[in-house]
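Given the coordinates of chain A, work out where chain B should sit on it, guided by the hints.
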Amino acid sequence: MSQSSVDVPPKGGFSFDLCKRNDMLTQKGLKAPSFLKTGTTIVGLIFKDGVILGADTRATEGPIVADKNCEKIHYMAPNIYCCGAGTAADTEAVTDMVSSQLRLHRYQTGRDSRVITALTLLKKHLFSYQGHVSAALVLGGVDITGPHLHTIYPHGSTDTLPFATMGSGSLAAMSVFEAKYKEGLTRDEGIKLVAEAICSGIFNDLGSGSNVDICVITKGNKEYLRNYMEPNPRTYVSSKGYSFTKKTEVLLTKITPLSEKVEIVEVAGEAMEE
Amino acid sequence: MGDSQYSFSLTTFSPSGKLVQIEHALTAVGSGQTSLGIKASNGVVIATEKKLPSILVDEASVQKIQHLTPNIGTVYSGMGPDFRVLVRKSRKQAEQYLRLYKEPIPVTQLVRETATVMQEFTQSGGVRPFGVSLLVAGYDDKGPQLYQVDPSGSYFSWKASAMGKNVSNAKTFLEKR
Numbered sequence: 023m024s025q026s027s028v029d030v031p032p033k034g035g036f037s038f039d040l041c042k043r044n045d046m047l048t049q050k051g052l053k054a055p056s057f058l059k060t061g062t063t064i065v066g067l068i069f070k071d072g073v074i075l076g077a078d079t080r081a082t083e084g085p086i087v088a089d090k091n092c093e094k095i096h097y098m099a100p101n102i103y104c105c106g107a108g109t110a111a112d113t114e115a116v117t118d119m120v121s122s123q124l125r126l127h128r129y130q131t132g133r134d135s136r137v138i139t140a141l142t143l144l145k146k147h148l149f150s151y152q153g154h155v156s157a158a159l160v161l162g163g164v165d166i167t168g169p170h171l172h173t174i175y176p177h178g179s180t181d182t183l184p185f186a187t188m189g190s191g192s193l194a195a196m197s198v199f200e201a202k203y204k205e206g207l208t209r210d211e212g213i214k215l216v217a218e219a220i221c222s223g224i225f226n227d228l229g230s231g232s233n234v235d236i237c238v239i240t241k242g243n244k245e246y247l248r249n250y251m252e253p254n255p256r257t258y259v260s261s262k263g264y265s266f267t268k269k270t271e272v273l274l275t276k277i278t279p280l281s282e283k284v285e286i287v288e289v290a291g292e293a294m295e296e
Numbered sequence: 104m105g106d107s108q109y110s111f112s113l114t115t116f117s118p119s120g121k122l123v124q125i126e127h128a129l130t131a132v133g134s135g136q137t138s139l140g141i142k143a144s145n146g147v148v149i150a151t152e153k154k155l156p157s158i159l160v161d162e163a164s165v166q167k168i169q170h171l172t173p174n175i176g177t178v179y180s181g182m183g184p185d186f187r188v189l190v191r192k193s194r195k196q197a198e199q200y201l202r203l204y205k206e207p208i209p210v211t212q213l214v215r216e217t218a219t220v221m222q223e224f225t226q227s228g229g230v231r232p233f234g235v236s237l238l239v240a241g242y243d244d245k246g247p248q249l250y251q252v253d254p255s256g257s258y259f260s261w262k263a264s265a266m267g268k269n270v271s272n273a274k275t276f277l278e279k280r
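Here the protein sequences line up with chains A and B, keeping their order. 23 is the number of the first residue of the first sequence in the working numbering; add one for each residue after it. 104 is the number of the first residue of the second sequence in the working numbering; add one for each residue after it.
Chain A extracted, bound-state conformation:
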C-alpha cells in the first residue's frame, strides 16, 4: 500500500515505517548517525517559597565534549522552567514546541500557565512517539496552586516529587539530595544544596561537566542564574604569546591579489514596496 505525503498523520494508530526502514539499514551495515547527547546531571527541588532547578553545562557526542557551556534549563513559561537530559535536539524541540503551545493557551484563557498543563502536553507528545524522542525532563514551576516539581521519562511516564535528579549523573546528585534534603529549606540553603548536587555530578560523572546553572522560581518571580558556579575554569593561551628562539629569515615579501577588487556603488532608489 503506497503512503501519501508524510505531513498528514495517518488515521488510527502510530506509523513506524521509518523505524522499520532504519532497522533494515542497520542490518545492511549502515551505521546510524550519532546523536548529540547531553550526558548530564539535572536536578530540581522544592524549597520553602518555590522551586529550584539546577543543571550542568556539558554536551557530549560520544567521547567528545561538543559544547562546554550549553544551556540545559529551558524556558517554558514565565513561571515554569524545564531541565532537559538525553538527546539535545529532542529536548530543545520538545520544550520549544510545548512552550509555544502554552503561550497560545495563555492568550486564549488570559491566565498564567499551570505546571500540570505543561506536564500533560509534554507527556502526551513523548508517549505518542513511544520513547523514540529521547528526552528526559525535570519540570518545575510555581503556579496558582503552588510550587510543583515533576520528572518526565522518554516513554511518557511522570513522577511528582519534592526533589528529583535525571541524567547520567543522577545517581551522584541523588546521593547528595538523599543525605541532605529536608523540608522547608530557605533560598540560600536550597541553592547551596542544588549546587552541591550538580558539582557531585560534574566531578563524578564523565558525561557531566563544566559549570553549574541554577534557576530559582518563586511566586511571581524567577531568577535564572546562568553559570552560577564555574568549578572548571578554562585557562587560555597566555596573552604574552609564545616566543621562539630560532626564527626563519624573511627574504622577500610580494603580495599578488588573486582577483580584481570591484567597487560596488549603491544607487539610491526606491525600496520595493510590499
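These aren't lab readings, by the way, just hints derived from the structure by calculation. Note that this is a predicted model, so its numbers are computed, not measured. Beta carbons are placed, not taken as given, at the ideal position from N, Cα and C, and that holds for glycine. Treat the hints with care, since some could be wrong.
Unchecked claim - Taking lysine-lysine pairs in the DSSO-like style, the calculated list, with each CA pair at most 30 Å apart, reads: (1) B:Lys205 to A:Lys244; (2) B:Lys192 to A:Lys146; (3) A:Lys244 to A:Lys70; (4) A:Lys145 to B:Lys192; (5) A:Lys202 to A:Lys90; (6) A:Lys202 to A:Lys146; (7) B:Lys195 to A:Lys146; (8) A:Lys90 to B:Lys142; (9) A:Lys145 to B:Lys195; (10) A:Lys244 to B:Lys195; (11) A:Lys241 to B:Lys142; (12) A:Lys244 to A:Lys202; (13) B:Lys205 to B:Lys153; (14) A:Lys276 to A:Lys262; (15) B:Lys154 to A:Lys145.
As the list claims (entries may be wrong) - Some chain A residues well away from chain B (every beta-carbon gap over 12 Å; in silico): (16) Lys42; (17) Glu83; (18) Met119; (19) Ser122; (20) Arg125; (21) Leu126; (22) His127; (23) Thr142; (24) Glu200; (25) Asn243; (26) Leu247; (27) Asn249; (28) Ser261.
Coordinates of chain B only, in the frame set by chain A:
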C-alpha cells in the same frame, strides 16, 4: 437581470462586477458599534464603544479589544462571534511565525495573514464572509502602525480611521483634527 439575482451565491460575480455578499457584509459592519483608531508619533490608540444589551450583563466579561501578541492589539465593528474566530486564528498564526523565525511577527505580516483568511472565506464553497472589519494596531521595529481589514480581505494602513455606526461623522471629525 439585476444584482439581486446574484446576491445569494457568494462565489459568483454580479454583472456589475461586485460580489454582493461582501457588500452585505460591509453593511453588517456599518451597523455595528463604532470603533476607531489613531496613529500617533510614538504609539497607536484604538477605542470602541462598549454598549451592552442590558445592565444585567457582566461588563467585565465582554472584551471588545483583544491582544494578538504582546505588541499588537485589535478592535472590531460588526459581529462579535466572527471577531472571536478571527482573533483565535490570528493568534495561532502569530505564534507559528514566532516558532518558525524566533522573531515577533511584524504588524504587516500579521495583517496580511489575517486578511488572507478573510479572503479565503470569500472564495470557498459553503462559507460566508466574516461580518467584521478589524482595526489592527501594533508597534514593531518600524514604529507604530494602524491597519484596517475589511470582510473582502483588503487592508489599508491608516493614520486615523473609524468604522461602524456614524462612521461619516467620526471620519469628518478625524479629518478636521
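Against the structure, the hints:
Between the alpha carbons of Lys205 of chain B and Lys244 of chain A the distance comes to roughly 22 Å, so the proposed pair stays at or under 30 Å and holds. The straight-line distance between the Cα atoms of Lys192 of chain B and Lys146 of chain A is roughly 24 Å, inside the 30 Å bound, and the hint therefore holds. For the hint linking Lys244 of chain A to Lys70 of chain A, the alpha-carbon distance of about 15 Å falls within 30 Å, and the restraint holds. For a cut-off of 30 Å, the pair hint linking Lys145 of chain A to Lys192 of chain B stands: about 26 Å separates their Cα positions.
Distance check on the hinted pair: Lys202 of chain A and Lys90 of chain A sit about 29 Å apart at the alpha-carbon level, within 30 Å; holds. Proposed proximity of Lys202 of chain A and Lys146 of chain A is contradicted: the alpha carbons are some 34 Å apart, above 30 Å. Straight-line distance between C-alpha atoms of Lys195 of chain B and Lys146 of chain A comes to about 20 Å, which keeps the hinted pair within the 30 Å bound. Pair hint Lys90 of chain A plus Lys142 of chain B does not hold up; C-alpha atoms about 49 Å apart against a cutoff of 30 Å.
At roughly 22 Å between alpha-carbon atoms, Lys145 of chain A and Lys195 of chain B fall within 30 Å of each other, so this suggested pair holds. The hinted pair formed by Lys244 of chain A and Lys195 of chain B meets the criterion: a straight-line CA distance of about 27 Å does not exceed 30 Å. About 38 Å separates the Cα atoms of Lys241 of chain A and Lys142 of chain B, which puts this hinted pair outside 30 Å; it is violated. A C-alpha spacing of about 24 Å is found between Lys244 of chain A and Lys202 of chain A, which places the hinted pair at or below 30 Å, so the restraint holds.
With a C-alpha separation of about 36 Å, the suggested pair Lys205 of chain B and Lys153 of chain B falls outside the 30 Å cut-off, and the hint is violated. Restraint check for Lys276 of chain A and Lys262 of chain A: the C-alpha separation of about 29 Å stays at or below 30 Å, so the hint holds. Of the supplied pair hints, the one linking Lys154 of chain B and Lys145 of chain A is violated, its CA atoms being roughly 45 Å apart against a limit of 30 Å. Consistency note on Lys42 of chain A: stated as away from chain B, and its beta-carbon is indeed over 12 Å from all of that chain's, at 30 Å minimum.
Distance to chain B confirms Glu83 of chain A as a non-interface residue, since its nearest Cβ pair spans about 24 Å, more than 12 Å. A beta-carbon of chain B is positioned within 12 Å of the beta-carbon of Met119 of chain A; the least distance is around 8 Å. Non-interface status of Ser122 of chain A relative to chain B is broken: a Cβ of that chain comes within 12 Å, the nearest being about 5 Å off. Distance to chain B contradicts Arg125 of chain A as a non-interface residue, since its nearest Cβ pair spans about 6 Å, not more than 12 Å.
Under the 12 Å C-beta cut-off, the non-interface status given to Leu126 of chain A relative to chain B is violated; the minimum distance is some 5 Å. Annotated as non-interface, His127 of chain A brings its C-beta within 12 Å of a C-beta of chain B; the closest such distance is 10 Å. Here Thr142 of chain A stays apart from chain B, with its beta-carbon at least about 19 Å from theirs, past the 12 Å limit. Glu200 of chain A, annotated as away from the interface, keeps every beta carbon of chain B farther than 12 Å; the closest lies near 39 Å.
Every C-beta of chain B lies more than 12 Å from that of Asn243 of chain A, the closest at about 19 Å, which supports listing it as non-interface. The Cβ of Leu247 of chain A lies farther than 12 Å from every Cβ of chain B, with a closest approach of about 24 Å, so its non-interface assignment holds. Chain B leaves Asn249 of chain A outside its interface by the beta-carbon criterion, the shortest separation being 23 Å against a cut-off of 12 Å. Once the 12 Å rule is applied to beta carbons, Ser261 of chain A is consistent with being away from chain B; the minimum gap is 36 Å.
Consistency note: the structure conflicts with the earlier hints numbered 6, 8, 11, 13, 15, 18, 19, 20, 21, 22.
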